[in-house]
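Please construct the entire structure, taking both the sequences and the accompanying hints into account.
Chains as they are written, first to last, in my numbering: chain D, 1 to 222; chain F, 1001 to 1222.
There's no promise every hint is true.
Sample of chain F residues facing chain D (criterion: CB under 10 Å; computed from the structure) [what the hints assert, rightly or not]:
no., residue
1, 1022
2, 1031
3, 1032
4, 1034
5, 1036
6, 1089
7, 1094
8, 1097
9, 1106
10, 1107
11, 1113
12, 1114
13, 1202
Here are a few chain F residues that sit away from chain D, every Cβ distance over 10 Å (derived from the structure) [what the hints assert, rightly or not]:
no., residue
14, 1001
15, 1037
16, 1169
17, 1196
Calculated from the structure, these hints are not laboratory results. Glycine residues also receive a C-beta, built at the ideal position from the N, C-alpha and C atoms.
Protein chains: 2
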Amino acid sequence: MHGPAIEDYVKAIYKVSQTAERVTPSAVAEGLDISLAAVTKMVRRLVEKRLVVYERGEGIELTPSGTQVALEMIRHHRLLELYLHQALGYPWDRVDEEAEKLEHVISEEFEDRIDSLLGHPTHDPHGAPIPTKDGKIDDTRHPALADIEPGSTVLVRCVRDRDPEMLRYLGRLGLYPDTLVEVVDREPFGGPMRLRVAGNPCDVGEELARNVFVSLGEESEC
Amino acid sequence: MHGPAIEDYVKAIYKVSQTAERVTPSAVAEGLDISLAAVTKMVRRLVEKRLVVYERGEGIELTPSGTQVALEMIRHHRLLELYLHQALGYPWDRVDEEAEKLEHVISEEFEDRIDSLLGHPTHDPHGAPIPTKDGKIDDTRHPALADIEPGSTVLVRCVRDRDPEMLRYLGRLGLYPDTLVEVVDREPFGGPMRLRVAGNPCDVGEELARNVFVSLGEESEC
DNA sequence: AGATATACTTAACCGTGGTTAAGTCAATAG
DNA sequence: CTATTGACTTAACCACGGTTAAGTATATCT
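So this is what it looks like as structure tokens:
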């Protein structure tokens, strides 16, 4: 159908669109760690393939078929991450890299088989939602731990998965998805937050707390 | 290190070298189903990369480092085939296609994990030997079933894996590796062989019998 | 020896996906 | 209003991996 790069672009565009309200070529270039010129050229091809629409100053927008491609890749990626973790015993800080390469080559059959072996899971090891086969995804946005008022008890929903170092550290703290965290207090001016995770106290810095997403109620994970 | 095509070429060269005594560019082109011109060009690159040596009329020969690359790919391929079959329930006629794509992207870690999950297997689902990590491979050549004298009882060692249709048919006959087969008799002039497979009689044509490899003694599979 | 068929090489071309360097465009500062 | 800055585009280039078409070499047949 299309080259592997196309899939990476569409995925990158989707991810930027989740964070920023306008998807600029420069944001995509940054996300893919390539030159802006490469993005300009590729965006023209994406437009020709009707995967995106683009107007200078308006940003890049995925068409429905572009969104479908993006969600397929994200589904592959997250199913693979979970599979590597559950079935092959990968630690959660190494699943992203492997899934990044595998997601472009697995067949529909592979996808279906690991999906059913995993019991049709809804979230990957970092708590990110897995799109369904028909392109639906839970797009609930959770607040960062950094924005939580002291005194609250919150449920870790997901953590950013791009920095293996940080993931290993989070693992040592026990800050996994579906963990309850009590925000004890916080030093001012970007000072550390004092938490209680499963009974154990720990202090986390601003950067870390920006990369952990939580929900206020301690409702069961759905 | 090198592009995915390089790996396919080196693997194809290795496979041809197992069958023919001289690896001609045309044999490689046929194996990869590409033009002869493409092979000419790529062989020059392989020579530059010291993966092969080549002289017109002498054929293509893998260097030690070329052989290593080929065996790495074959190891990936066969481990993956077995894994897909054992762990994901793929039927044996669909593992080749999936493994073909996966073999180029899996990491050392993936290879090691499935290897130990499978208990360090020695053969893939079609009976082909899996090279060890340090590049050793059981290169025993088994005679084709077609060359066996009537009256013998033989052990199926391996079957060619490239034709899914044939694999499904072999499966219906029960002609799996490690199966005992009694060669009852044979019609002359390329006529069918009459076999007894696990008690059941069946007749197989020349083409099929050329794609099943057996050993005479009923020694245990090693 | 000469014609022909087979095997291989070379040349020109294409799409993909990247680079750097230079140019344009629009918003903002003075 | 102009100068500058940041965002984007264009152009020229490159490596990769393929194609077709044309040319060369070698072996074989007569």
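Go through the numbered hints given earlier and state which of them the structure violates, listing their numbers in rising order. 1, 2, 3, 4, 5, 13
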